[in-house]
Amino acid sequence: MDAHDRIPQGKYVVPALAQGLAILSLFSRRRATITPPEIAQELNLPRSTVFRLLHTLQMMGFVQKEGDERHFKLGPAVLSHGFEYLASLDIVEAAQPILQRLRDETGLSAHMAVRDGREIVYVARYPARTTISSTVNIGTRFPVHATVMGRMMICDFSDEQLLDLFPTDPLPRFSEQTPTTLADLKAVLAGDRERGYAVSQSFFERGVSSVAAPVRDGMGYIVAVINITAVDAYIDLAAMHGDLKDAVLKASAQITQWIRRETPRDAGDAANKTPSSETSKVSEPLHA
Numbered sequence: 001m002d003a004h005d006r007i008p009q010g011k012y013v014v015p016a017l018a019q020g021l022a023i024l025s026l027f028s029r030r031r032a033t034i035t036p037p038e039i040a041q042e043l044n045l046p047r048s049t050v051f052r053l054l055h056t057l058q059m060m061g062f063v064q065k066e067g068d069e070r071h072f073k074l075g076p077a078v079l080s081h082g083f084e085y086l087a088s089l090d091i092v093e094a095a096q097p098i099l100q101r102l103r104d105e106t107g108l109s110a111h112m113a114v115r116d117g118r119e120i121v122y123v124a125r126y127p128a129r130t131t132i133s134s135t136v137n138i139g140t141r142f143p144v145h146a147t148v149m150g151r152m153m154i155c156d157f158s159d160e161q162l163l164d165l166f167p168t169d170p171l172p173r174f175s176e177q178t179p180t181t182l183a184d185l186k187a188v189l190a191g192d193r194e195r196g197y198a199v200s201q202s203f204f205e206r207g208v209s210s211v212a213a214p215v216r217d218g219m220g221y222i223v224a225v226i227n228i229t230a231v232d233a234y235i236d237l238a239a240m241h242g243d244l245k246d247a248v249l250k251a252s253a254q255i256t257q258w259i260r261r262e263t264p265r266d267a268g269d270a271a272n273k274t275p276s277s278e279t280s281k282v283s284e285p286l287h288a
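At position 89 of the sequence shown (counting the first as 1) the number is 89 in UniProt numbering, and the numbers step up by one without a gap.
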């Protein structure tokens, strides 16, 4: 992602606000600290501008200096607002007992994620009750195209929407299975859409197996994804496409049913959502 992608342009865009938010977007799980020169180079901003922006963000608690005084890291304000946002999501609260039951029934870690641009963000986590369990935390981000949860989030996207999301090839590669062109990604998504779920064995990370399924709102649009994962443990493909898949689909259908009860089918603004095909909508739970 280049500077143009991170800092939007437009008649009504406030440059300083956009630049400050772009600085925050540079931080990630793999990149906990950043120096002002790095920010200036990556965002193509004058160092004096970066200094003023960092000073403002520091005063508001969104960033803070490391011990060496040269590196900056995210401050407590980001964490506070992030968890307040996650806590405000009714869907997360509704999904909690269902995900916990899914974890207990399968013995595997259970998660929920939503999409933010070209990334998924984990919003709920129930680790397996074993010494080896999923190490992702709430707030962890992964690329959409390279993960089964991400693929489930966009499996209903039209060609135009996919091109808007991924305007250029190649797509970043994370494993031998990662689709690196839009054509390859479309082929994978077609299979996901037909099945209504996705299965992964080391698709994103070696040694991690996963089964994922979508959660839909009252209009039939995918609003979240749940999965179960096993770390450093071999799981037979027949089981992943059998009992484990059934358990994940049952849980996703239960969450979907709760959302549909809370959201009338004619409610809400669907302008920014993607309609699903009739064949890919989540049906009633597979097991009562």
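Source of the hints: derived by calculation from the structure; they are not laboratory data. Every residue gets a Cβ at the ideal spot worked out from N, C-alpha and C, and that includes glycine. Treat the hints with caution; some may be incorrect.
To be verified - Just the calculated beta-carbon pair ranges, DEER-fashion:
no., residue 1, residue 2, range
1, S158, L26, 41 to 47 angstroms
2, E194, Q64, 27 to 33 angstroms
3, A183, E42, 27 to 33 angstroms
4, G107, P8, 40 to 46 angstroms
5, T181, E66, 35 to 41 angstroms
6, P8, G242, 33 to 39 angstroms
7, E42, R195, 35 to 41 angstroms
8, A16, R195, 31 to 37 angstroms
9, G107, D184, 21 to 27 angstroms
10, T180, Q64, 33 to 39 angstroms
11, D184, V14, 53 to 59 angstroms
12, A18, A187, 31 to 37 angstroms
13, S175, Q100, 27 to 33 angstroms
Going back to the hint list, which numbers does this structure go against? 1, 2, 6, 8, 9 and 11
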